[in-house]
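Undergrad: Here's the letter readout for the chains.
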Amino acid sequence: MKALCASLALTLATPLAAEEIWVTNEKDDTISVIDVATLEVTRTIPTGERPRGITFSKDYSRVYICASDSDTVQVMDPETGQILHDLPSGEDPEQFVLHPNDRHLYIANEDDAVTTVVDTETRTVIAQINVGIEPEGMAVSPDGKIAITTSETTNMAHWIDTETRELFANTLVDSRPRHAEFVHGGKELWVSSEIGGTITIFDVATQAEKAKIAFEVKGVHPDRVQPVGFELTEDEKTAFVALGPSNHVAVVNAETYDVEDYILVGRRVWHMTFNSDKSRLFTTNGVSGDVTVIDVAKRKAIKSIKVGRFPWGAALRP
Amino acid sequence: MNAALTALRAIVTREALRFVRQRGRFIAALVRPLVWLMVFAAGFRAALGLSITPPYQTYIQYETYIVPGLCGMILLFNGMQSSLSLVYDREMGSMRLLLTSPLPRWWLLFCRLVASTAISVLQVYTFLAVAWLYGIQMPTLGYLAVLPALVVAGIMLGALGLALSSLIKQLENFAGIMNFVIFPMFFLSTALYPLWKMAESSTLLRDICAANPFTRAVEMIRFALYAEPNWPALGWTVLAGLFFLALALWGYDPARGFLRRKG
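Protein chains in written order, with UniProt numbering: chain A, 1 to 318; chain B, 1 to 263.
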């Protein structure tokens, strides 16, 4: 009874903010905001040209948007949708990652073969690190000591020491690496390769390749099976991998690396994000211009929500 | 009133007995849609997904799309099967015996309809159970909501069979029914492909499909399986059912109908 009263008091004290998924539409130069409760688009906010990567600050008071064709990272007030200011990002920023210190943005500059580190407080570039050709995927380890850039043409994962801001390792992966994530508390690094059709798993301590996951969607030509974005469940036992133009999301056992299921979603599925309790997964489907909602427990697509043209990145605003 | 219910019970029991004793008929009725589901749909699998059309909320595979159409197929074939057995009854003389009952003719024919629909519905649920095991699962509420839709569609298609049976002079003519009624009704409907797909090749074909009462019945079943009402489809199915029933009553009226011409 006490617990019930306490939870009721907490519920009454907490403002009823609707949980939202923010989706960048790269052809419309907009963000579509989806209400997680109603699964409907509630707002469309204009951005710079070709918005792709999107992430929130730790306290969710700012949202960072890679406006690739405007050659800038925009900082927006999520309450008002107003652009507060731009950050110097280097040319053609595509993906980025916010360091756990909530201050440094690591940005992949696709056209310049560099990774730019930007201080979001002083709004200055504090380092530019030469990496392979066409850098794309970005990740930072949970302890903030390692940053990863994947380069699409060099087919490598570049390991950056965030203190010295220098490369300390380069590891080969399959063709066109797109996305990277640290998994299992930072012990493993997963890198997806779009053309190679695989996810390569590295042991972070040794930077040695540990395993490789391949995908095969029944009835779909292997050329169309192109892993891009992926996310793991709260317990990190299951991974969901977007398979691009195969229009499927793979469900992978993150402990055995076996593919357990494939879920049909919209056309050319690219990136994804969970809601806050990780019961729903939202995938951006570029060609069909929608976001598919997956019931995580049932591993079933339950709804596809029309957004703008070519949705690309997605981020949760709790 | 008691006599009417006795007649209903007798007719339903007779149909049920006939159904139980003809196991082959039950298996055949089940195998037909299953072959479509597991063989035909496999060929058109649409691994990349079909575009979203109501009542679907997201992308689906072809197997999922054709399940409501195959439910309709069971009802359609059973309606026609019932028409075949009516012709058989007429040739054997048991129809004359039935129609000489003092009860109103419309009631007797309606009882026949109820009996054949009950058996059709049973077959549809068996098919849905196999489809569920095959991995095509609808929302739980949909399995309940589809019952009234199946009854309405079953009565409409049964009434069509009844009307046709008054037209058929001999058992041998049943092949004509297959060619001129079942196949066009089934293929010119949304059972196998959505209307927008039909419109891609011909708007005329799309319009014919849209006007086909079987399309309406299939769409009513499709929506009901997802626990959603489709009032226009229900309205058109009921209207078509009433029309076919009136035609059947007229056909079976010895004073005016087709039976008179047969002498």
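None of these hints come from the bench; they were simulated from the model.
A portion of the hints provided could be inaccurate.
Taking lysine-lysine and the DSS-like style, the derived pairs with C-alpha atoms no more than 27 Å apart in a straight line are [claimed, not checked]:
1) A:K218 <-> A:K187
2) A:K237 <-> A:K278
3) A:K303 <-> A:K212
4) A:K145 <-> A:K237
5) A:K303 <-> B:K197
6) A:K58 <-> A:K300
7) B:K197 <-> A:K145
8) B:K197 <-> A:K212
9) A:K210 <-> B:K197
10) A:K145 <-> A:K218
11) A:K145 <-> A:K58
Undergrad: Confirm or reject each hint.
TA: Do the hints match the structure? See the list:
| no. | hint | result |
| --- | --- | --- |
| 1 | A:K218 <-> A:K187 | 32 Å, violated |
| 2 | A:K237 <-> A:K278 | 13 Å, holds |
| 3 | A:K303 <-> A:K212 | 31 Å, violated |
| 4 | A:K145 <-> A:K237 | 24 Å, holds |
| 5 | A:K303 <-> B:K197 | 22 Å, holds |
| 6 | A:K58 <-> A:K300 | 30 Å, violated |
| 7 | B:K197 <-> A:K145 | 55 Å, violated |
| 8 | B:K197 <-> A:K212 | 41 Å, violated |
| 9 | A:K210 <-> B:K197 | 47 Å, violated |
| 10 | A:K145 <-> A:K218 | 41 Å, violated |
| 11 | A:K145 <-> A:K58 | 18 Å, holds |
Checked against the numbered hints given earlier, the structure breaks hints 1, 3, 6, 7, 8, 9, 10 and satisfies all the rest.
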